[in-house]
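Residue-level listing of the chains:
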Amino acid sequence: MTQLAIIDSGGANIASLRFALERIGADCVVTKDSKVLRESSHVLLPGVGAAADCMARLRDAGLIDTIRGLRQPLLGICVGMQLLYESSEEGDVVCLGLLPGRVQRVQPDAGLPIPHMGWNQLEFEQSAPLLHDIHPGDYVYFVHSYCAPVSEATLARCTYGSSFSAIVQRGNVYGAQFHPERSASVGSQLLRNFMRI
Amino acid sequence: MRFRDHVVVGDILELAQRYRDEGADELVFYDITASPEGRSVDRSWVRRVARVLDIPFCVAGGIRSVADAEEVLGEGAEKISINSPALADPDLITRLSTRFGAQCVVVGIDSQTVDGTYQVYQYTGDPNRSRNTARRTIDWVREAQERGAGEIVLNCMASDGVRRGYDIAQLAAVRRECTVPLIASGGAGAPEHFVEVFRSANVDGALAASVFHSGSLPIPTLKSFLREASIEIRP
Numbered sequence: 088m089t090q091l092a093i094i095d096s097g098g099a100n101i102a103s104l105r106f107a108l109e110r111i112g113a114d115c116v117v118t119k120d121s122k123v124l125r126e127s128s129h130v131l132l133p134g135v136g137a138a139a140d141c142m143a144r145l146r147d148a149g150l151i152d153t154i155r156g157l158r159q160p161l162l163g164i165c166v167g168m169q170l171l172y173e174s175s176e177e178g179d180v181v182c183l184g185l186l187p188g189r190v191q192r193v194q195p196d197a198g199l200p201i202p203h204m205g206w207n208q209l210e211f212e213q214s215a216p217l218l219h220d221i222h223p224g225d226y227v228y229f230v231h232s233y234c235a236p237v238s239e240a241t242l243a244r245c246t247y248g249s250s251f252s253a254i255v256q257r258g259n260v261y262g263a264q265f266h267p268e269r270s271a272s273v274g275s276q277l278l279r280n281f282m283r284i
Numbered sequence: 382m383r384f385r386d387h388v389v390v391g392d393i394l395e396l397a398q399r400y401r402d403e404g405a406d407e408l409v410f411y412d413i414t415a416s417p418e419g420r421s422v423d424r425s426w427v428r429r430v431a432r433v434l435d436i437p438f439c440v441a442g443g444i445r446s447v448a449d450a451e452e453v454l455g456e457g458a459e460k461i462s463i464n465s466p467a468l469a470d471p472d473l474i475t476r477l478s479t480r481f482g483a484q485c486v487v488v489g490i491d492s493q494t495v496d497g498t499y500q501v502y503q504y505t506g507d508p509n510r511s512r513n514t515a516r517r518t519i520d521w522v523r524e525a526q527e528r529g530a531g532e533i534v535l536n537c538m539a540s541d542g543v544r545r546g547y548d549i550a551q552l553a554a555v556r557r558e559c560t561v562p563l564i565a566s567g568g569a570g571a572p573e574h575f576v577e578v579f580r581s582a583n584v585d586g587a588l589a590a591s592v593f594h595s596g597s598l599p600i601p602t603l604k605s606f607l608r609e610a611s612i613e614i615r616p
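Chains as they are written, first to last, in our numbering: chain A, 88 to 284; chain B, 382 to 616.
Okay, chain A solo, but in the shape it has when bound:
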């Protein structure tokens, strides 16, 4: 049975993520309880704000080892995706280390505003079940100042001055730099695909 759990990371986008899951008919709980997380079929890690603050909240909730030990599909969203990496330049913080690499500040061409905020297109690197019925060139909604470099884990990238990872996967660990809960039908499709993994 599909039982989604949203990790209560204290971020501001938890309500909108929960509503997005409700819209696609998914049953979900918002929790800080390790046992509930371990017993869920799918886990989502949302995050808004600074990476160091998010890591501190996960640590305070005693969730670091729980998240590292999850074997079911885990989807990090926005800063939640950035936390999946080894470290982040933002506050020079050690992160969960589920994906190799370091999150860096967005490096656009001179003149592009930061934060990167707006609808941009996906460029595909690999095919994967998470991309089912999502197409190269589809627009999704980004809001961020830091990003993960393109790597072997990159399923899709986005270019804002330079390229960065928009959707990633390594084993059971998935990430979306954009906000699927605010990316209209493309975002809903990504959440639906994740639920079906």
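These are computed hints drawn from the structure, not numbers from a lab.
Just so you know, these numbers come straight off a predicted model, no measurement behind them.
Ranges of calculated distance between the beta carbons of each label pair, as one might list FRET restraints: (1) A/Gln213 / B/Gly542: 44 to 52 Å; (2) B/Ala448 / A/Pro223: 40 to 48 Å; (3) B/Thr560 / A/Pro223: 24 to 32 Å; (4) B/Gly497 / A/Gly184: 51 to 59 Å; (5) B/Pro599 / A/Arg110: 21 to 29 Å; (6) A/Glu239 / B/Ala448: 42 to 50 Å; (7) B/Glu403 / A/Gly248: 29 to 37 Å; (8) B/Thr479 / A/Glu109: 27 to 35 Å; (9) A/Arg110 / B/Arg545: 34 to 42 Å.
Virtual Cβ for every residue (Gly too), placed ideally from N, Cα, C.
Mind docking chain B on chain A? Use the hints.
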């Protein structure tokens, strides 16, 4: 969406869904009488809107503290926009940005030309309380972004509501100083106005209200016009 008069939630929901279905890229809900009347936005509708919208939306009006913002964001809004309260208490921008991140914090600025410079106005929601703050708009933009604003919405008051086009000169002047996303507001009346503001003022977004509310410019029509003019935009 600007609502000067009482709007029942059903109407807000209906409008929100209409704009969502027409392809709006973001919705901003302004309760412009909140600050002059010294009250906060009525939050009951935020959650209901959040449930139906799958695009970003921002709530503006009477947010004066981290607790106010926490409530609105907790109900499912993406961003909060502050205007008059930020002028009264500039440190509010810093506190909000520290707590929620710059991406959540929009600073709205009402501005117009006074004695040859652009100056900031406060409490513009109430004609009886609207006042010139004697701050230069450029200085306020710089301060707001230094304090952690993640987006600036510049409402050019002289153009607002007259539908003769955005104030390109003012927006371009602010663009030169603005390192965060800049949204143009005030003056949209025709598709050409949107092309002009993206091309000539290099803004990141264009906000409009009456031209959409009245139905005189449907969003799909506007978007195809922009695409034909080679402005990159989500279909």
